[in-house]
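Asks: Chain by chain, the residues run as shown.
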Amino acid sequence: MTAKSDLPQGTLDLLILKIAALGPIHGYAIAQRLQQVSRDVVQVPQGSLYPALHRLENRGLLAADWKETETGREAKFYHLTRKGRAQLETEAASWRRLIEAVSLILRMSEGGAE
Amino acid sequence: MTWWHRLWRRKQIDEQLDKELRFHLDRHAADLIARGRPLEQATREARLALGGPEQVKEECRDARGTRWLEDLLQDFRYTLRTLRQKPGFAAVTLSTLALGIGATTVMFTVINGVLLKPLAYPEPERLVTLHRHTEKYGDWWGVSYPNFLDCQRESRSLTPMAAWSYGGGTVSEPGEAEYVAGRQISSGLFSVYGVALLRGRAFLPEEDRPGAAPVVIISYGLWQRRYSGSRSAIGSPLGFDGKSYTVVGIAPAGFRLDGDADVFTPLGQNTEVRMRNREANFIHVVARLGPGVTLAEAQAELALIGRRLAEQYPKANAASGLQAQPLRQDLVGDVRPTLWLLLGAVSLVLLIACVNIASLLLARAVSRERELAMRVALGAGRGRLVRQCLTESAVLGICGGALGVLLAAIGIRPFVVFWPGSLPRAEEIRLDWHVLLFALSASLCSGLLFGLAPALRASARELEQCLRAGARTITGSSRRLHSGFVIAEIALAVVLLVAAGILGRTVLRLSSLDPGINIRNVLATHVSLSPGVLENPAQIRAAWSDVVDRARRVPGVQSVALTDIIPMRVGENGLGYWTTPAPPPPNQIPIALASSVTPDYLKVMGVPLRQGRFFNDHDRIDAEPVVVIDEVLAQHAFGGSEPVGKRLWVQALGPAKVVGVVGHVRHWGLASDDQAQVRDQIYYPFAQVPDHLMRLFSSFMSMAVRTSIQPLNVVEPLRRELRGATGDQTLYDVRTMEELASASLASQRFLMTLFGVFAGLALLLACIGIYGVLVYVTSQRVPEIGLRMALGASARNVIWHVLRQSLGMIFVGVGVGLATAAAAARLLQRLVAGVRSTEPLTFGIMISILVVAALFASFLPARRASRVDPMRALRQE
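Those sequence lines, one after another, are chains F and B. One point on numbering: in this note's numbering, the residue at position 71 of the first sequence is 71, and numbering is uninterrupted. One point on numbering: in this note's numbering, the residue at position 330 of the second sequence is 330, and numbering is uninterrupted.
If you're looking for bench data, these hints aren't it; they were derived computationally from the structure. Not one of these hints is a red herring.
Computed cross-link-like contacts, DSSO-like style, restricted to lysine-lysine with a CA-CA straight-line distance of at most 30 Å: (1) B:LYS57 - F:LYS67; (2) F:LYS67 - B:LYS11; (3) B:LYS11 - F:LYS83; (4) B:LYS57 - B:LYS11; (5) F:LYS67 - B:LYS19; (6) F:LYS83 - B:LYS57; (7) B:LYS19 - F:LYS83; (8) B:LYS19 - F:LYS18; (9) B:LYS657 - B:LYS603; (10) B:LYS657 - B:LYS315; (11) F:LYS67 - F:LYS83; (12) F:LYS18 - B:LYS57.
Residues from chain F that keep clear of chain B, each with C-beta distances beyond 12 Å, as calculated: (13) ARG85; (14) ALA86; (15) ALA92; (16) ALA93; (17) ALA101; (18) LEU106; (19) ARG107.
Computed from a predicted model, the values in this text were never measured in an experiment. Where is the CB? At the ideal position from N, CA and C, for every residue including glycine.
Input sequences plus hints: build the corresponding full structure.
Replies: Here's what the structure looks like:
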């Protein structure tokens with residue numbers, strides 16, 4: 001088995017959906033974008049990127065077309081489906097709720113320690 | 001894209017995946033080169049970043065969600081390929097399995113049709129039958145007509161309720177005179193069953209009374225036969241038993257109460273004395289549970305009604321009550337245990353077949369160990385290997401099951417026809433989706449059963465040990481597993497063999513029993529008098545003596561007698577009796593089988609006279625009433641004292657003088673008579689049957705004829721001679737006594753045959769199993785045997801060595817099997833009349849057969865092992 005991503009379970013899907021929401025994009029670019037945007041904090045093992053992409057495509061959250069890139073080669077470009085957009089919104093919302101809740105708890109426990 | 005699409009276009013999808021990953025690698029490498037890495041290093045780094053491309057691809061394939069299907073397809077193809085490579089193995093496993101599943105499916109089809117399928121009426125589970133329950137004899141009685149009427153009127157929970165009784169007769173118009181079976185039914189009968197008539201209408205309540213216009217409902221069969229299915233049949237006349245009836249309805253095809261009947265007449269129009277007699281319990285009652293009423297509530301109400309009837313009419317109803325039971329139970333009767341017993345037996349055969357196949361598969365799996373280890377080394381997951389093994393056995397199971405269903409489809413009809421007597425609901429036995437579902441699950445379960453051991457083995461093996469050890473050694477665990485299989489097979493075979501042996505001995509023992517009569521050259525037949533004479537008792541008597549005279553004149557006939565019941569044939573007449581003027585309390589009255597006969601009965605049947613005399617022509621209606629008793633009743637009623645000359649009070653006959661004692665006749669059949677509840681027997685002269693019962697008796701009198709030639713040869717001359725003056729006197733249900741005696745053992749013989757076949761199969765399978773395992777084990781041990789021989793062991797030593805191993809397995813198997821067989825024998829004793837479970841000789845014989853056969857099966861591989869060339873064997877290592 002390949003090494004697991006450092007990301008919490010399920011976050012990789014959310015991040016991929018978010019990046020694909022910005023416009024059609026191929027797998028390599030997604031990997032690059034993830035690394036850049038997170039300022040190298042998020043290290044996605046590239047090996048687990050493609051299975052995730054295929055899984056999302058399979059669930060109908062992403063759709064893919066073969067298009068020419070700027071260099072003239074054919075690449076598989078992923079874009080968000082309507083279902084994917086809905087999923088992104090609910091997941092992002094629940095993610096934010098989770099973060100707020102977790103940081104609230106963290107702050108409280110700091111207060112308790114003082 | 002649907003999963004189907006993805007499955008279908010997986011090749012294209014794989015190519016695209018490859019292209020996508022190549023693009024990724026190239027772009028990454030290009031980026032690295034742009035940052036100044038040399039080409040080779042860039043390619044390498046890009047590859048490392050992505051991980052093994054094949055692994056990524058595998059995970060992507062997994063992510064597609066059709067992976068399991070693809071694997072299944074792959075395993076499936078692989079299985080077919082391996083099966084094709086080993087046609088012998090495939091043929092043996094598939095035919096074994098087809099036999100096992102086929103036999104099990106046949107039994108299940110019968111059970112499904114007879115026991116499980118709901119009756120073909122609306123809301124069949126609400127249909128019940130009513131029985132009179134007596135403290136002494138359980139509930140084997142019908143109900144009397146007056147009691148039925150009271151019950152019908154008073155019951156709130158069982159509505160509607162209806163009654164019927166037997167009543168056949170001669171149909172004389174339209175067409176030739178012919179005896180047909182009939183039923184007398186009350187007006188609500190068809191609505192109880194919820195069955196609509198095919199044409200016309202059911203009886204009206206006002207037609208269900210004495211003196212109403214004679215109307216009749218005819219069966220679909222009779223309608224086709226006599227009216228060629230014409231519409232004009234309704235309203236046309238039907239001559240039946242000397243009266244002209246108007247046809248008002250036609251019953252739907254296949255409608256039956258019990259047995260086929262062609263004519264239905266209104267029960268209430270019957271004017272016989274017994275219709276008013278509260279003690280004559282000859283009425284069958286069916287009813288439907290009212291809306292929302294449970295069986296228990298109905299029982300409670302019936303108990304109440306029964307108590308009231310017992311208080312009001314203590315003479316007839318004391319010590320008895322009323323009980324309802326589901327109609328299906330009543331219809332199916334006593335075949336239930338037999339059917340389950342047979343299903344149990346075939347399941348054992350199937351189980352042995354599975355064990356056999358499991359050991360074959362295991363042998364193959366062991367020899368494929370290196371292949372499996374190689375697959376693991378190449379990256380196959382353990383789960384994947386287990387799945388592959390299970391797929392293989394599932395494919396085997398399903399193929400075998402399909403063949404089995406085919407066998408069952410062919411075999412089911414012959415099986416039903418072969419069934420002794422008539423199987424209830426036989427017309428409903430057919431392959432339907434319940435049966436197919438059963439066959440499918442049986443196949444899959446078998447597949448799982450015999451695939452599990454090899455599959456678990458595949459996952460549990462230590463990889464490198466296996467690769468290192470090579471395929472030539474056999475480990476202790478697999479040897480133990482093999483021995484376990486052989487032991488299981490032998491144990492199961494012991495159970496079936498002992499059961500078959502016990503049944504065989506039972507049939508032998510029972511057939512040698514003395515039936516109490518001389519069954520050779522005796523013909524028994526029902527006689528239906530000319531309907532014209534039935535109105536006048538004197539004419540009836542004359543007609544009967546004419547029948548006897550005419551029959552005597554037929555060449556080949558030695559003696560002729562009339563009787564109302566024929567031993568070992570369906571039909572009985574139980575009457576209470578006592579020896580003092582005052583009757584004992586009703587629940588303590590003993591019951592005897594009463595039979596009215598003519599003087600030559602003893603001569604015809606060959607019943608021995610023990611004391612006194614039998615009847616003669618002086619025992620007439622105006623003479624002193626006399627009876628003859630059998631030795632069983634003599635013992636019960638009079639103990640050691642002399643019975644001849646004593647008085648006996650018999651229910652419905654009054655006091656009579658005992659004039660003789662005769663031998664006991666096994667009326668209930670060779671097998672069942674010893675266990676029967678009513679064994680006492682009384683004979684009384686037919687001539688002393690009172691006038692008012694003459695007509696009733698005439699409807700069930702039979703004639704018994706002793707012949708000097710083959711009895712079936714006198715049937716046609718008898719028929720011709722007995723046609724009578726008006727040509728409408730008929731014979732029906734003609735049987736020889738030998739047929740009846742043999743039929744009374746039919747169910748034992750049938751079970752014995754089936755168990756014999758099953759046991760034979762089991763023995764064969766067990767021998768094949770032993771043979772296969774030993775061939776395999778010895779071939780794995782060739783180097784060891786070679787070494788032994790090189791060290792001085794003789795061929796005989798080697799044979800003994802192998803045989804000792806198989807003897808060990810055989811004896812453990814026999815030991816396990818014996819305990820189970822003893823339990824099975826007790827079960828047989830409970831379910832099959834005449835079986836004794838303690839037969840050490842049978843156990844001994846059957847087990848010796850098994851041990852000899854098993855030793856023979858192991859001798860061949862043992863001899864082969866002894867011919868191993870030590871040099872060659874050692875070099876193999």
